[in-house]
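Novice: Residue numbers (the working numbering), protein chains in the order written: chain A, 1 to 513; chain B, 1 to 513.
It should be emphasised that the hints constitute simulated quantities derived from the structure, not laboratory data.
Don't take each hint at face value.
One copy or any two copies: either way a pair holds, since identical chains are not told apart in the list.
Claimed, not checked - The list that follows gives simulated cross-link-like pairs (lysine to any residue, SDA-like), each with its CA atoms no further than 25 Å apart: (1) Lys406 x Arg381; (2) Lys406 x Asp155; (3) Lys329 x Pro260; (4) Lys459 x Ala343; (5) Lys316 x Ser221; (6) Lys240 x Arg480; (7) Lys316 x Tyr108; (8) Lys316 x Glu194; (9) Lys329 x Gly118; (10) Lys14 x Gly353; (11) Lys286 x Glu349; (12) Lys406 x Ala343.
None of the values given here were measured: they were computed from a predicted structure.
The primary structure of each chain is shown beneath.
Protein chains: 2
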Amino acid sequence: MHLTQVLDRAVQMKAGRTALICGSQQQTWAEFRHRVTCLAGAFRALGLAPGDRVAMLADNGFPYFEFHYATPWAGGVIVPLNTRLSDPELIYILNDCGARILLLGPEYAARRAVLEAGCPDLRVVITLDGEGPLACETLIAGHSPMEDLRRAGQDLLAIIYTGGTTGRPKGVSLSHSNLVANTLAVIPVNEFGEDMVYLHNSPLFHTSGSARLIAAVSCLSTNVILPRFEPAAVLHAIEKHRVTHIILVPTMLNRLLNCPEFQTSDFSSLTHCVYGASIMPEAVLKRALALMPGVRFAQSYGMTELSPSATTLPPKYHVLEGPNAGRLKSIGQALMTAEIRIADTEDREVPRGEVGEIQVRGPMVMQGYWGQPELSAETLRGGWMHTGDAAYMDEEGFIFLVDRIKDMIITGAENVYSGEVENALHEHPDVRECAVIGLPHADLVETVHAIVVLHPGRKVTEAELIAHCRGLIAGYKCPRSVEFRADPLPLSGANKILKTQLRQECLARLTPG
Amino acid sequence: MHLTQVLDRAVQMKAGRTALICGSQQQTWAEFRHRVTCLAGAFRALGLAPGDRVAMLADNGFPYFEFHYATPWAGGVIVPLNTRLSDPELIYILNDCGARILLLGPEYAARRAVLEAGCPDLRVVITLDGEGPLACETLIAGHSPMEDLRRAGQDLLAIIYTGGTTGRPKGVSLSHSNLVANTLAVIPVNEFGEDMVYLHNSPLFHTSGSARLIAAVSCLSTNVILPRFEPAAVLHAIEKHRVTHIILVPTMLNRLLNCPEFQTSDFSSLTHCVYGASIMPEAVLKRALALMPGVRFAQSYGMTELSPSATTLPPKYHVLEGPNAGRLKSIGQALMTAEIRIADTEDREVPRGEVGEIQVRGPMVMQGYWGQPELSAETLRGGWMHTGDAAYMDEEGFIFLVDRIKDMIITGAENVYSGEVENALHEHPDVRECAVIGLPHADLVETVHAIVVLHPGRKVTEAELIAHCRGLIAGYKCPRSVEFRADPLPLSGANKILKTQLRQECLARLTPG
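With the hints as extra help, turn the sequences into a complete structure.
Specialist: Structure representation (structure tokens):
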């Protein structure tokens with residue numbers, strides 16, 4: 001399957017129908033394809049050679065879709081950039097991947113000079129606004145369509161940088177085959193189809209957003225684009241465009257349910273919601289099931305290195321009664337295309353029920369980390385992707401994520417999985433958001449520390465929350481200390497709670513000076 | 001994706017659940033996988049080297065499933081044999097592919113001596129019954145499981161011989177990638193899933209049966225197997241096993257609807273019916289829609305060289321009213337994985353609405369014809385599979401099959417597509433089955449000849465049927481002659497009406513001696 005040829009198929013089947021919607025603007029499939037082929041022509045005229053990297057720093061919008069298709073059409077490799085990164089981080093990434101072209105959104109125009117100064121190999125900066133010779137519209141208007149170079153198979157499609165919690169960002173090299181595998185695997189389990197109206201509310205620079213963009217376009221669905229996630233805007237877009245499918249990470253779903261507009265919005269068109277990317281507190285999910293009974297929820301587990309999906313928990317397990325109940329805490333079972341095992345530190349499969357590392361084999365596993373052969377070999381040793389996530393598998397292949405291995409707290413002789421403690425905290429009706437981290441301790445190695453945001457107007461004490469946890473989980477797992485915050489917890493570009501930042505803030509307080 | 005690894009996934013997720021049902025016997029997924037790994041071990045012990053061919057001559061049953069998985073597990077290539085072929089044809093195929101091992105069903109035991117005598121390279125004949133040292137059960141019991149050799153990608157999976165209407169059978173070489181592409185493409189459009197109960201009533205030696213076997217096993221569905229197609233047995237199996245999904249070629253569907261047991265059968269479990277392989281008379285389809293309102297019908301078009309599917313007409317177009325009506329005569333649109341064009345004899349795409357040849361590009365296109373590089377290059381010239389089927393495409397990419405190019409009748413200066421005439425004949429309430437062929441004629445090149453089977457007790461004359469056609473299609477397309485038969489028309493192994501045989505019978509009558 002060629003990812004780019006779906007645009008030819010789109011024009012064959014629905015040339016005049018709406019492909020993309022953003023704000024008050026729309027593009028038909030014929031317009032979208034035409035713009036892609038002309039932008040590809042411009043890339044070639046600007047000297048892009050097959051395999052060259054094209055980076056993009058912008059909020060969600062039409063240009064993100066055009067970038068995803070024009071780049072491979074011209075033979076290039078996409079490098080979507082996390083808009084939350086600092087200048088030095090962006091400069092590191094642009095130089096690391098050797099980007100030749102950068103597409104720059106108007107929101108980030110002020111950063112142009114410093115990026116250009118720091119990146120000598122960057123030949124061209126294309127602006128998404130304005131009218132200059134290197135403005136995107138000028139280029140599309142001024143170039144003829146080029147023929148699709150038909151990149152496919154093991155050809156590189158994308159380098160997507162992941163933050164990691166330590167060290168430099170790593171560029172994950174994903175091939176066309178990787179994204180084809182993800183596309184074909186997620187379509188049936190997430191019940192994607194041609195009649196879908198998909199809301200792209202997650203950042204398109206993130207693997208999840210990028211891969212869903214490709215899957216939704218491959219289905220020839222209608223694509224509604226929001227510049228960024230904002231709960232009220234999401235609810236408004238669902239109502240206005242009769243959105244059917246959405247993807248939300250747990251923090252997004254929580255904020256949507258807590259948004260005042262949620263009470264008055266018409267989301268009757270919404271039939272499907274996929275969630276993933278971090279552990280879903282069961283209390284949040286149960287609340288969503290109760291408040292959104294017409295929505296078929298499905299969980300997806302993965303990571304950038306897996307293009308990104310490896311498991312699914314289908315809608316039928318999102319029930320509180322009957323034979324399929326009791327799976328809500330699971331990230332589901334292996335996708336048809338994935339081989340998954342839970343292994344010990346020697347890469348031996350552990351018995352069902354024992355905690356080990358999730359390891360994945362299959363066509364969705366990345367080619368490696370860009371320019372890092374040793375790290376790639378280590379991560380992919382024995383042919384298996386070592387995810388660094390701790391989990392166990394039950395007798396029916398359901399996988400229960402316990403934590404990122406690096407988020408595991410070691411207290412005394414015990415391992416505490418922060419997700420389990422967060423789940424317990426979320427069971428308390430006053431808790432709106434929470435994060436659990438380990439703080440250094442002389443005797444115990446670490447102690448369990450909780451950072452909590454309460455619902456407005458609620459009051460609960462540290463002692464009451466700890467007592468609440470004691471009723472649900474073992475004493476050694478319960479927080480030793482609870483810190484209350486008024487503001488929402490800081491989120492990463494992928495809308496995961498930034499535990500690294502929280503840990504650093506706490507450490508800074510503990511070590512004065 | 002590894003086609004064989006789905007058995008590991010099956011054991012991970014549902015080891016103790018039923019995988020296969022045939023008559024009164026059942027196999028769990030754990031049993032199925034265990035038998036496959038032991039049979040693979042036996043193949044290796046018998047000297048099978050990676051890439052060696054293993055043939056099978058048998059009716060549908062558990063061994064057909066084991067053959068499909070044990071062969072690639074041991075590194076081999078499957079060669080399913082059409083049970084209707086003559087001894088010389090089978091000998092030609094076994095020698096052409098150089099089969100090392102033959103699995104022989106008890107129904108065909110009498111042909112063993114002549115096949116062995118004719119095939120000096122055939123080392124081992126494994127019998128599916130009995131107790132000798134080379135009986136299948138003895139081999140499975142006597143060998144340990146072997147590790148999966150993990151054949152994948154461009155490794156050859158199957159050589160499937162197609163009759164063709166002239167000349168020797170051609171071996172179609174299909175890779176693992178080819179069948180992965182078909183599996184992943186058909187699952188969403190045919191709404192396959194884990195909870196499916198699939199009835200394998202079509203011959204498993206045919207590509208369609210073989211590819212559906214692989215797709216249904218990949219879904220970990222429950223598989224009900226019938227030794228062969230027989231309308232009453234199909235209805236009985238649907239009722240007994242609560243079958244949800246079935247595939248029927250037009251002649252099968254017609255015979256099912258005409259079967260006396262159809263009136264009294266409970267087929268309420270049946271939710272999905274895929275049809276394809278030859279042109280579906282619209283009258284038959286409309287009757288099916290009326291009589292089976294709970295069934296979601298979908299059409300699939302393809303051929304062995306396409307592994308086999310390239311298009312789909314989804315259930316939503318199987319309606320007689322509303323905006324989706326008017327598509328029943330179409331074979332649908334290109335599958336997501338397929339690129340399809342209608343081209344002239346110079347391989348130039350023709351305008352929408354004009355008749356040309358269906359040409360297909362994509363991961364489902366065969367590697368080529370076994371041992372026939374020139375024929376392969378000709379058939380795959382320019383990177384496109386030349387199907388030999390004549391069709392036109394409308395403005396929304398719906399493809400309308402008009403005929404096999406070789407079944408096209410040339411009469412006077414006009415081309416007549418036999419499918420169109422058959423459609424008109426099927427509109428007559430007395431017509432049960434029909435086939436239209438061209439008979440040689442001195443002036444007109446050919447004349448249109450119809451062979452018709454009437455419903456029991458019905459009477460209609462040749463003149464009346466021709467007059468009926470005149471009310472529906474142009475005069476030059478109407479039959480010049482109609483021949484009535486009492487017996488059902490002869491069918492090929494793929495349950496298509498054998499027009500070649502009908503043509504030969506008519507020619508024999510026309511040219512005495």
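Novice: Compare the structure with each hint and give your call.
Specialist: Here's how the hints hold up against the structure:
1. Lys406 x Arg381: Within one copy only: 19 Å inside a chain, 54 Å across chains, cut-off 25 Å.
2. Lys406 x Asp155: neither (32 Å within a copy, 40 Å between copies)
3. Lys329 x Pro260: Neither. Shortest intra-copy (27 Å) and inter-copy (51 Å) distances fail the 25 Å Cα cut-off.
4. Lys459 x Ala343: neither (43 Å within a copy, 73 Å between copies)
5. Lys316 x Ser221: both (24 Å within a copy, 16 Å between copies)
6. Lys240 x Arg480: For lysine 240 and arginine 480, neither the intra-copy (47 Å) nor the inter-copy (60 Å) Cα distance is at most 25 Å.
7. Lys316 x Tyr108: So lysine 316 and tyrosine 108 fail the 25 Å test inside a copy (43 Å) and across (45 Å) alike.
8. Lys316 x Glu194: So lysine 316 and glutamate 194 pass the 25 Å test inside a copy (22 Å) and across (11 Å) alike.
9. Lys329 x Gly118: neither (46 Å within a copy, 62 Å between copies)
10. Lys14 x Gly353: between (49 Å within a copy, 16 Å between copies)
11. Lys286 x Glu349: neither (33 Å within a copy, 54 Å between copies)
12. Lys406 x Ala343: Within one copy only: 16 Å inside, 58 Å across.
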